[in-house]
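Same order as they appear, the protein sequences are chains H, W, Y and Z.
The first sequence begins at 1 in our numbering and counts up one residue at a time.
The second sequence begins at 1001 in our numbering and counts up one residue at a time.
The third sequence begins at 2001 in our numbering and counts up one residue at a time.
The fourth sequence begins at 3001 in our numbering and counts up one residue at a time.
Warning: the hint list may mix true and false statements.
Covered stretches of chain Z, going by a simulated chain Y footprint (3 or more residues, C-beta under 8 Å) [as the list claims (entries may be wrong)]:
id, stretch
1, 3031-3041
2, 3110-3119
3, 3205-3217
4, 3317-3331
Think of the hints as simulated: they come from the structure by calculation, not from any bench.
Using N, Cα and C, we set each Cβ at its ideal position, and we do this for glycine too.
Number of protein chains: 4
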Amino acid sequence: MKIALFGAGVMGRIHARNINRSAGCSLAYVVDQDGDRAKELTASFGGHADTTIDRALADDTLEGVIVASSTDAHKVHVMAAARAGKALLCEKPVADSLDDARACHEAVALAGVVAVMGFNRRLDTVHQDLYRGIAAGEVGTVEMLRLVSRSASPPDPRSAAHSGGMIREKGAHFFDLACWLAGADPVEVSAMGGCLVDQRFADYGDVDTAILTLRLEGGVMVGFDFGRRTAYGVDELIEVFGSDGLLLADRQAVPRAIRRSGRDLIQPGLNQDWHERFAPTYVDELDSFVRAIRGDQTSLALMADGLRAQAISEAAIKALTERRTITVQSVWVA
Amino acid sequence: MKIALFGAGVMGRIHARNINRSAGCSLAYVVDQDGDRAKELTASFGGHADTTIDRALADDTLEGVIVASSTDAHKVHVMAAARAGKALLCEKPVADSLDDARACHEAVALAGVVAVMGFNRRLDTVHQDLYRGIAAGEVGTVEMLRLVSRSASPPDPRSAAHSGGMIREKGAHFFDLACWLAGADPVEVSAMGGCLVDQRFADYGDVDTAILTLRLEGGVMVGFDFGRRTAYGVDELIEVFGSDGLLLADRQAVPRAIRRSGRDLIQPGLNQDWHERFAPTYVDELDSFVRAIRGDQTSLALMADGLRAQAISEAAIKALTERRTITVQSVWVA
Amino acid sequence: MKIALFGAGVMGRIHARNINRSAGCSLAYVVDQDGDRAKELTASFGGHADTTIDRALADDTLEGVIVASSTDAHKVHVMAAARAGKALLCEKPVADSLDDARACHEAVALAGVVAVMGFNRRLDTVHQDLYRGIAAGEVGTVEMLRLVSRSASPPDPRSAAHSGGMIREKGAHFFDLACWLAGADPVEVSAMGGCLVDQRFADYGDVDTAILTLRLEGGVMVGFDFGRRTAYGVDELIEVFGSDGLLLADRQAVPRAIRRSGRDLIQPGLNQDWHERFAPTYVDELDSFVRAIRGDQTSLALMADGLRAQAISEAAIKALTERRTITVQSVWVA
Amino acid sequence: MKIALFGAGVMGRIHARNINRSAGCSLAYVVDQDGDRAKELTASFGGHADTTIDRALADDTLEGVIVASSTDAHKVHVMAAARAGKALLCEKPVADSLDDARACHEAVALAGVVAVMGFNRRLDTVHQDLYRGIAAGEVGTVEMLRLVSRSASPPDPRSAAHSGGMIREKGAHFFDLACWLAGADPVEVSAMGGCLVDQRFADYGDVDTAILTLRLEGGVMVGFDFGRRTAYGVDELIEVFGSDGLLLADRQAVPRAIRRSGRDLIQPGLNQDWHERFAPTYVDELDSFVRAIRGDQTSLALMADGLRAQAISEAAIKALTERRTITVQSVWVA
C-alpha cells in the first residue's frame, strides 16, 4: 500500500521510518516546501521527494496520506487530500482555528474518506488499560480526571508562530484523552497560564506553563497541568477518580537497576525524550491506519474527535485571555 | 499550664486528649453550649465543664485558650479571649467571612496576645521535608504546585450551615500550605465545582467536588483538587514542581505487608481516618503552642496566615459563583 | 509495679526509659557490675543503682526483672531471678551455649514464673500483619521464607567475646521469627560465612557475613542473609513464599518527600539506627510483660522459644565449622 | 547467513521465529527426531525439515548451528557441529554431566569455531545495568548476591528424565549470572532442596524447590532461591550487596494502570510467561551470534562459561545428596 507523507519535520521522520519498516506499506512520496528536508527522508526510507503535493495526489495508486506538515498548512493539505479521495491520517492539532478545523472535518465528511487523527497516546498500553478499567466499572462513576503533561525540553519559541501554541499543540492530545476516557463531550473550560520557562513565548501570544480546568457533560471535572520543560524528563500522568476508586497511569520509569546508598533509594527516572516514551504507539497507529484503509473498523480517533479537541483548545485560549470560564462550542452541529 | 477548650466536638476531643496526656499542661475548662458534650470530655480528661466562656476567661491563672467551636462562633470566642489577654490557638477557618476574620486578626493584634492557627498539616514530617527541600533549592525556582485533598467520608450536608462549607474548611489548610511552601502571597484564583457526591450540599450553597487554580506573587501557579469522599481512604498529596526538579509528598500508605497473587501486587492503601493520618501533628501543635505561650519563637502559623487563607477562600467562592478569575484581597493593609 | 533492670548497656537504657515513661510501672533497681553505668540510668529514670543483684531479688515488692546483661551473664541472672520467684523478661540470646539455655529454661519452668523473651521484632506492625496473613491462608501452604538482616554498623569486634557472636545474637531474632511465622519447629541447618567487613571478628571465631539455610518440620525451607554493616542503614526484610502467593515485609522507608531530578527518582532510604526502626516494639513489649505479670495471656515469645532459637544457633555455628548440614537438637525433650 | 536449528521444541520455536524475522539471516534447516515437529517450524519459518543432522552439517554454505535439542542430545550435536566447522549457539545447560560438558568444550576449542552459550539473561536491559553499575563501583566491593528464580508453572515431571533437572536447567542461567556479575570463579557450594510443588519430581531424583549457597573466589557469597511454580507469574530478582551500597534488579511489573480501592493499592503483577518476560533478549542474542560469526568481538557467554556453570550444577547436586559443602571443580585446567 502506497503512502504519501506531507511534512518532513520531526513527526514526518517518525512516520517515514515506520512506513519503511512496516510489512504492509511503502513510502511513495515525501512532500515538504523545503525540498532538501524531503530528500533526506526519501534517501533513507524511499519514495519521491517533492515540494508540492500535486504529483502525489494525482497518483491513482496512492491510497493514504499522512499530514504531518506545520499546523498552519493542515487545512490546505487535508482538504486537497480529501478532494483527491485519499485516506488521511492527520497530525494534531487539526488546525490553528476552529473554523479551519471545521472546514477540514466537513471536507473529509463530504468526500467520505477514511480520516483519522494522530492521537497516538490513546494507543499506549497503560492508557488502553485505563480505558478498559473505566469501561469495566473499576472506579464506578467517573468524577474527576487529572492529566499532567510537561515536556522535557521547550521548542524554539519562534515555532509558536506556526505550531498553534502550547494549548493547541499539547492540549489536542490531552483534551482528546479526557473526553475519550470519560466518554463525554466538553461543556466549559477555565484557564490560568504564564511564561515561567521562557519569556519569549509571550512574544507569540503563547504560554509555557498552564493549568486548565474542563467540565464535561454529566459533570465530570478535569484538571490539566501543562508545561514546556522539566529537569527530569518527559512528565506524563493520568489519574481517574471515581465514586468507587482511583485509576492511575503513573509516570513510567525506564527499566534500570535500583540503588540504595546512604540515605537514599535511587530509582530510575523518566524517558528524556517523548518519542522514546511513545515509540510503540506510532507503530500501532500506522498499522491501524493501514487496516482502516483496508476497510477494518478502526479504534483510532477520527477527524470529528480532532474537531472536538480543537473546540476545547479555542475555548481554553479564550478563557486564558478573558480570565473567565468559557463555554466550549458544540462541534456536532454543522 | 492551664488551658481552656472552647468547643467539645471532634476537634475538641482531639485537643482534650492531647492536653490530658501532655506533661506540660492541664485541661482547666471545657466550654460548649451543649453542656453534656462538655461534661463528657471533662469526665475523661479533667477540668470544669461550662456552657459559657465567662468563668474560664475570668480565671487569672488560665494561660491559653483553644478555639475549636463551630466556625460561626469563632469571632465571638476569639475576640473575647483576646480581650481577656489569653493566648489563642484557633482552629481553621478563622471565620466564615473575610470581615469577621479581619476583626479577629485586629483583636489579637490590638491585645498583643500569642495567636496561632490550627494549621497542623504544616507540622507533618513529610510536609516539613518539602518545606526544607524547597528552601534548600532542591527544585530550583518553584513554578507549579499541585495539592490534592479528598476526605474519606463526607460530613453531614447540614453541617455546611455552620462550618463555612468545603472551600473554607478544607481550603484553609491547603491555601495556607501553598503560600507557606512557595513563600508567596496570593494574587488571583479561579474555580470550578459541583455536587457529585451528594446533591444535598447544594441546598447550603456548598460543593463537594472542586478544582481551584491560584496564582501567587512571582507567578507560581497552584492547582487544588478537592473532594468530600473517596472509596479508598484519606487522599492527600502535594507536588512541588520547579525549574530544577520535582518534590512530592505522596499519598502515605499505612504500614502493612505486601502481597503478590495472581496478576496483582497488592500494596497497603491509605488511612481510612484523617485523624489517624495526622495524629502526631496535633501533639506537636499543642507542644508548640505551650512553648509559644512560654515565650519561645514559634513555627506555627499565625492569625495573619489564617486571615490570608480566608481571603483566598472568599475569592474562590466568588470565582465559583461568578465563573471568572477573582483577585484575592490583600490582607496586609488594615 | 516495681521492675528491676539487670544490665545498664544499650538495651538497658532502652528498657529504663520505657519503664520510666510507662504509666503502669516504675524502675526500682538498676544493676550493673559497672556501678557508674547503673547510676547514670537511675539518675535519669529513677531507682537504686547496685553492682549486685542481691538487694533487688530480696525485695518482696519487686515483681519483674529484665535481664539485659551481657549474654555470658544471663544464666546466673535468669536462674537467680527464677529462684527468687520473679517474673522475667530475658534479652536474646538466652545464653551462649545450648546447655546454659536449657538450664535457664528448666529453672523458670521449675519456679513456675512468667518468663518471656525479648523477641521484640514479633511485635512490629508489619510482622504482625505477615503472621496474620499467613494464618488467614493468604499464601496457601508456606514453602520458603527469606529473612534479610544486615545491621547498619558493626559492633566492636571485641564485643564478640561476650555477646555470643553474630549467629547467636542476630540469629536469635530471625530463627525465632521464622519458626513463629511458619508455625513449625526446626529440623536441620546449613551455613556459609566469612569476615568480609572486618577481619578482626575472626579473632573471636566470629563471622560478619553469613548465609544460612534452615529446614523446618513439614519441609519449609528458610534462607537467612546476615551481615554486620551496610552503607545504607538498617536492612531488614522478610519474604514468605507459599503455594498461593507471596507476602513481603519490605524494607521500610523513613517518611520523607520524594524527588525527581535528572535521570533519577530519589526515594527515602532506611533508618540509620536499629532502635529508631523498632522503638515502638520495645514499648509494646514492656506493656505486654506488665500485663503478663498481672496474669493476662501473653503473645510474647516464651523462654521455650528462646531455647528453640538457641538450638538453631548452636547447630548453625557447628554447620559453619564442619561445612555440612547439622540436625537441630530438639528442645522439647528435657 | 544460513542457520540450522537442532531441536524443534519450545526453545527451537523461539529461535526459528527470530531467525525468520531477522534481516541478517535465514532458517536453512530444522532438525528434530520428531519429523512432524520439525515440519511445523519449517512451514511457518522456512528451511528444510530433517530428522538427522547430516544434511545440514554437510551444507558448506551453512554458517551457524543453534543447538536447542534436549539436554541429553547436546553432546552429540555440539561435537558434530564443531567437527563440521560450524559456529555454534548452544542452549543451556551444556550437558547433563560435567564430563560431557568438558568434552563439548574441548571439541569446540579444538575446532576453533565460534561457540557461544544461550545465556540470554545476561542481555536483559536491567541485568546489563547491574553489570555496568558493579563495574562502575556503585556498590564498592561486592560481598553478597541474592538471585531468586521461581518459574510460573512447573514442567511435566517426566521431562526431568531428559532435561537434566532443575539445578542444571535453571541453575545454569543463574550460576552464570552470579559469576559474570561478580567477575569471579566458583569455590564451593552447599544446597538444601525438596519436592514441595509436586512429589513426582522425586521419582527422577529431582527437586522442585531449593536454596543454594555458593562461595566465589575473593569470598563473595551468593544465595539462590529456586522454585518450579508460583501463584503470581515469573518471579525473578537479583540483588547485589556491596561495601558501599545495594543494587537491585527487581521483579519487573507488566505495564498497567494502578488502582486504589478500599484498603488496597493494586499494582500490576509479573509476566505470567517467561518468554514474554525475556523476549527481547533472544532477539539480541541471535543478533550477537550473527555478528560473532561475522568476526565481531562478542559479549555473549562462551562455551567455557557454560562449562563453569555446569561445574557448579554438578557440585550443587552432589551437595544436595551428601548434605555437605562441595568444592566446585576447576574447569580451567584440562
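Comparing the hints with the structure gives:
Residues of the stretch 3031-3041 of chain Z lying with their CB closer than 8 Å to a CB of chain Y number 0, which falls below the three-residue condition for coverage. Beta-carbon proximity to chain Y at under 8 Å applies to 0 residues in the stretch 3110-3119 of chain Z; the threshold of 3 is not reached and the given coverage is violated. Judged by the Cβ-Cβ criterion of 8 Å, the stretch 3205-3217 of chain Z is covered by chain Y as claimed, because 5 of its residues qualify and three suffice. Coverage of a stretch by a chain is defined here by at least three residues with a beta carbon nearer than 8 Å to that chain's beta carbons; for the stretch 3317-3331 of chain Z and chain Y the count is 3, and the condition holds.
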